[in-house]
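Following the hints, position chains B and C against chain A.
Residue numbers (my numbering), protein chains in the order written: chain A, 29 to 149; chain B, 214 to 938; chain C, -5 to 153.
Source of the hints: derived by calculation from the structure; they are not laboratory data. It is possible that some hints are incorrect.
[Unchecked claim] List time: in silico DSS-like cross-link candidates among lysine-lysine, alpha-carbon distance up to 25 Å: (1) K545/B <-> K133/A; (2) K671/B <-> K752/B; (3) K607/B <-> K133/A; (4) K607/B <-> K104/A.
[Stated by the list, open to error] Covered stretches of chain B (chain A as the covering partner; in silico rule of three or more C-beta atoms under 8 Å from a C-beta of chain A): (5) 530 to 536; (6) 545 to 553.
All C-beta atoms, glycine included, are put in the ideal place defined by N, C-alpha and C.
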Amino acid sequence: MKLLIVDDSSIIRGRIARILSDPRLPEIRIIGMARNGVEAVGLSQQFKPELVTMDLTMPEMDGVECTEAIATLNPKVNILIISALSDKATAIKALKKGAKGFLYKPFTDEQLIQAFLEMID
Amino acid sequence: MATTSTSVIATKSVISKYRALTVGLIVFWTVCVGASLWINIDRTYRHAEEAAGHQARTAFDKDVIYRRWSSRLGGVYAKVTETTPPNPYLRDPERDISGAKGEPLTKINPAYMTRIVHELGELSSGIVGHITSNNPIRPGNEPDPWEARALTLLESHPDMKEFSERQIMNGKPYLRFIGPLITEESCMGCHAFQGYKVGEQRGGISVSVPMEPFLVQANSATVFLGISHAGLWLFGVVFFFMFIRNLIKSDEQIAMAQEETTEILTTVHEGLFLLDKNGKMGTQFSASLPGMMRREIQPGMDFTAILREMVPQKVFENATSYIELLLGNRVKESLVADLNPLNEVEIEGDSGAKHYLSFNFNRVLEEGEISHLLVTVQDVTERVYLEQQLEAAKDRSRKEVEVLLNLLQKDPVTLQQFFTTTEQSLTQINERLRNDDDTMEGRMHILAYIMRVVHGIKGEAAALGAEMFESYAHSFEQELVVMRERGEVRGEDIVRITVLLEGFYERLASMSSIATRAVGSPSASKDGAAVPTEGAEEKIIKSFEENIRNLAQRIAIDDGKQVVVVTDIAQIATLPRRITKELGSIAVQLVRNAVKHGIEPLQDRIAQGKSPHGEIQISCRETEVPDQFDFVVRDNGRGISVARIRKQLITSGRMSAAEAEALNAKDVIMKIFETGFSTAEEADRDAGRGVGMDVIADKVLKIRGNLMLNSKIGEFTEFRVRFDA
Amino acid sequence: MTLNDIDEHEINVFVDAVVQYFLQITGQKAEVRAAYLAAGETLPPTSEFTGVIKISGDYRGCIYFSADRFLLSRLLLAMNETKHTDDQLLDAVGEIANTLAGNARRHFGEKMEVSIPLTMHGTEAKSLQHMVRARPYVIMVRWKQYEASMIVDIRHDKQ
Chain A
29 MKLLIVDDSS
39 IIRGRIARIL
49 SDPRLPEIRI
59 IGMARNGVEA
69 VGLSQQFKPE
79 LVTMDLTMPE
89 MDGVECTEAI
99 ATLNPKVNIL
109 IISALSDKAT
119 AIKALKKGAK
129 GFLYKPFTDE
139 QLIQAFLEMI
149 D
Chain B
214 MATTSTSVIA
224 TKSVISKYRA
234 LTVGLIVFWT
244 VCVGASLWIN
254 IDRTYRHAEE
264 AAGHQARTAF
274 DKDVIYRRWS
284 SRLGGVYAKV
294 TETTPPNPYL
304 RDPERDISGA
314 KGEPLTKINP
324 AYMTRIVHEL
334 GELSSGIVGH
344 ITSNNPIRPG
354 NEPDPWEARA
364 LTLLESHPDM
374 KEFSERQIMN
384 GKPYLRFIGP
394 LITEESCMGC
404 HAFQGYKVGE
414 QRGGISVSVP
424 MEPFLVQANS
434 ATVFLGISHA
444 GLWLFGVVFF
454 FMFIRNLIKS
464 DEQIAMAQEE
474 TTEILTTVHE
484 GLFLLDKNGK
494 MGTQFSASLP
504 GMMRREIQPG
514 MDFTAILREM
524 VPQKVFENAT
534 SYIELLLGNR
544 VKESLVADLN
554 PLNEVEIEGD
564 SGAKHYLSFN
574 FNRVLEEGEI
584 SHLLVTVQDV
594 TERVYLEQQL
604 EAAKDRSRKE
614 VEVLLNLLQK
624 DPVTLQQFFT
634 TTEQSLTQIN
644 ERLRNDDDTM
654 EGRMHILAYI
664 MRVVHGIKGE
674 AAALGAEMFE
684 SYAHSFEQEL
694 VVMRERGEVR
704 GEDIVRITVL
714 LEGFYERLAS
724 MSSIATRAVG
734 SPSASKDGAA
744 VPTEGAEEKI
754 IKSFEENIRN
764 LAQRIAIDDG
774 KQVVVVTDIA
784 QIATLPRRIT
794 KELGSIAVQL
804 VRNAVKHGIE
814 PLQDRIAQGK
824 SPHGEIQISC
834 RETEVPDQFD
844 FVVRDNGRGI
854 SVARIRKQLI
864 TSGRMSAAEA
874 EALNAKDVIM
884 KIFETGFSTA
894 EEADRDAGRG
904 VGMDVIADKV
914 LKIRGNLMLN
924 SKIGEFTEFR
934 VRFDA
Chain C
-5 MTLNDIDEHE
5 INVFVDAVVQ
15 YFLQITGQKA
25 EVRAAYLAAG
35 ETLPPTSEFT
45 GVIKISGDYR
55 GCIYFSADRF
65 LLSRLLLAMN
75 ETKHTDDQLL
85 DAVGEIANTL
95 AGNARRHFGE
105 KMEVSIPLTM
115 HGTEAKSLQH
125 MVRARPYVIM
135 VRWKQYEASM
145 IVDIRHDKQ
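The shape of chain A in the complex, shown without the other chains (with noise of 0.2 Å):
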């Protein structure tokens, strides 16, 4: 499966790519990661990926907007938002503009994996 992270922690990014490798997951392959919502958008048409993780917490980028512009490029892809949780309603939006899930900041490593598990069923 191809995963595009979409985040400009580099701590972020690192932790996504280190669980991917708990067996409970299934063939995972990082495709790329932006940092802003144009780059997201052009990795997400180039390479199609199946799974996308998007951070709305990123300042110089709306994460509604690029959530729904990759949603709209690839129906079937499957965005887990990735937020802080006092920003309930901006992580509704995002939901409503096409993605499936969301996991709040903080979050532990073991959370982490089980929302991809949950993506991905």
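Coordinates of chains B and C only, in the frame set by chain A:
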């Protein structure tokens, strides 16, 4: 139990409902089976009749054909025998002829032939044939009543080709058949003279077929039908019973399940209801729901409308989006639970108090498709309140720590001073409590004293801006006020006061330790105490002095004495904190002692020619031995009287007169450091319990010092603590 | 107002135990004469006979009840006991400690596990150190003209 009886009632009503149905079905079935049986039996017998009739017809037709043949032949001759005599009724000149050998031959006319054949036939098959006519030529051919009737019927109805009927002949059942004999061309040869016309009916042939064989067959068929129908009926009845029983059972199950659901919905604490895709509530909901939501709930109500009234616009929008998402297929239920915007909805309580409700949504699937959302409503007021309290408490402690840290930065010495002073004050309170005299009056005095001290702490805390201490002291004070108003201090009040005191100690200790840690490592000496910065030294000394002075004044005022405190304690600043702490307490005790026991009341002093003010000198100086210090508290009061002590030893029962006399002066004096000793004549409220001295002794031990006492009666008392720093 | 771990509620359970005990046995209540905090290093001096109960569970520490032979003798007398040997005096103080234990169990249930009372005579008790509190509660109790001390040295470990 209620459950059992209601289900029994349910069963009864269910059964009675089905009774009618059962009866109806059985009746219906019986009627059907019966009808079928009747029809079949009827058909069987009809069939038998038809078969017999068929046989009769066949016989008749055969007769007609043979007659036709015979008449067409023009004449058939047979040998004359007994059985075939010439036919007397045949008027024919050619009736009798001779054969080739001259044997007599006679003409067998068709009627004759028929009759002979009939006779033969009857013998073998039992079928009775009878050629007959209403005006017969031969007498034997007369019709019997039935034949006569039948013939007449045939004659009057020319289109009737035949007539048959069942009849009993000779007690046996027969099918009697009669067919007309229609005159044909070939008959005319012989019968023309009789006036026959072609096409005319001239009598007929009756064929009577015995029904028995057919009936036997029909009967056995009937029996078979009977048995099979009976079996069928039985089968049907059994089937119906089982069918009905299943219906009853499933009805009961449904009723029971319905009852269980109702019971659950009645008792469950949470509010439960189903939400369909149009935002409408279901027909069933839990009994607690209307109460919880504080409004009337009708089945099928529009939940979104209710929601709009309950929450602000933003929350409403989020909520409707959230519900939409859940009703849709795309989003994963488990991954969006945290986004629920309705987990803390404020609602007006009964008495104006706020309540909080949480709405939780779960998908309900029907055949794999999302059909509804199950909504669980809970009252989370308590949780919310606790959270709020926790937040508030956190806020408060944060503020306190902030204040503290602020103080630490700005003015650590003042803060330290406050800690020290307050601790001393608390110790004083504790001492008073220890020496409690449980008379009404004594306790009221203690109360007053404690109130003063606490009030003092409150003031100091306020001055510092240490709000926590201030408010704690205030609450403490308030409780004391109540006790004072009541006019009595009971045993449990004393306990309560002790508890409040402990609370004070603990708060002080925790704040103090934070302060110590905050000031902490870099500037700490190896004792863990903060080495004071320049200028701070002075402050420490100052605060020490002030405390002692204030203490002395307080006690003096209490006692109606006048004292002056003189200090020389500059060197205290150089001592480590653990020592100065103990010295402080020691000083407190000694000064108190001095004021209480040493210094005489104003009048006495004047009478003795002493200055009206008693003087207490406190000093702390290094001795000739390096790092060795003497801490001295000296008063110019009445001095320590060995005799008085000795007397006290005897009167308090601690030892006998002999033992007391045996002690030398030094030992006598040392006795005052033992527990339970006191020289105050009457145990009064501040002293006289004999515990001050051993506290001092204790503390001296703590700093590994020596306590020395010097005194002269009427002149001075001097306590000296020698220790190494 | 107080967020103390122990407050008068707990202390009064023990005080009441003693008060009621004396009332039941002798017809005369005991009373709180004084209460204060033991702020020194060692526990305040105890009398000749001491009963101790150890506490564990949500609470931990000890409760001491200490009385001199005069009080205990008088108590035995009130119970119509004529023999007043040291062992019996020790038993008497043990009885009081037992009552404390019983009351504790009744009031605190599972939260407080109470040991069987121990008794100590004379010098053994003098070496009692602070167990858990920096300033254990000392309750001076008076019965008739006698005095006894009860030391409440327990903490409540919440959470």
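Status of each hint after checking the structure:
1. K545/B <-> K133/A: holds, 18 Å
2. K671/B <-> K752/B: holds, 21 Å
3. K607/B <-> K133/A: OK: K607/B and K133/A at ~23 Å, within 25 Å.
4. K607/B <-> K104/A: violated, 47 Å
5. 530 to 536: Three-residue rule met by the segment 530 to 536 of chain B, so holds; n is 4.
6. 545 to 553: holds (count 6)
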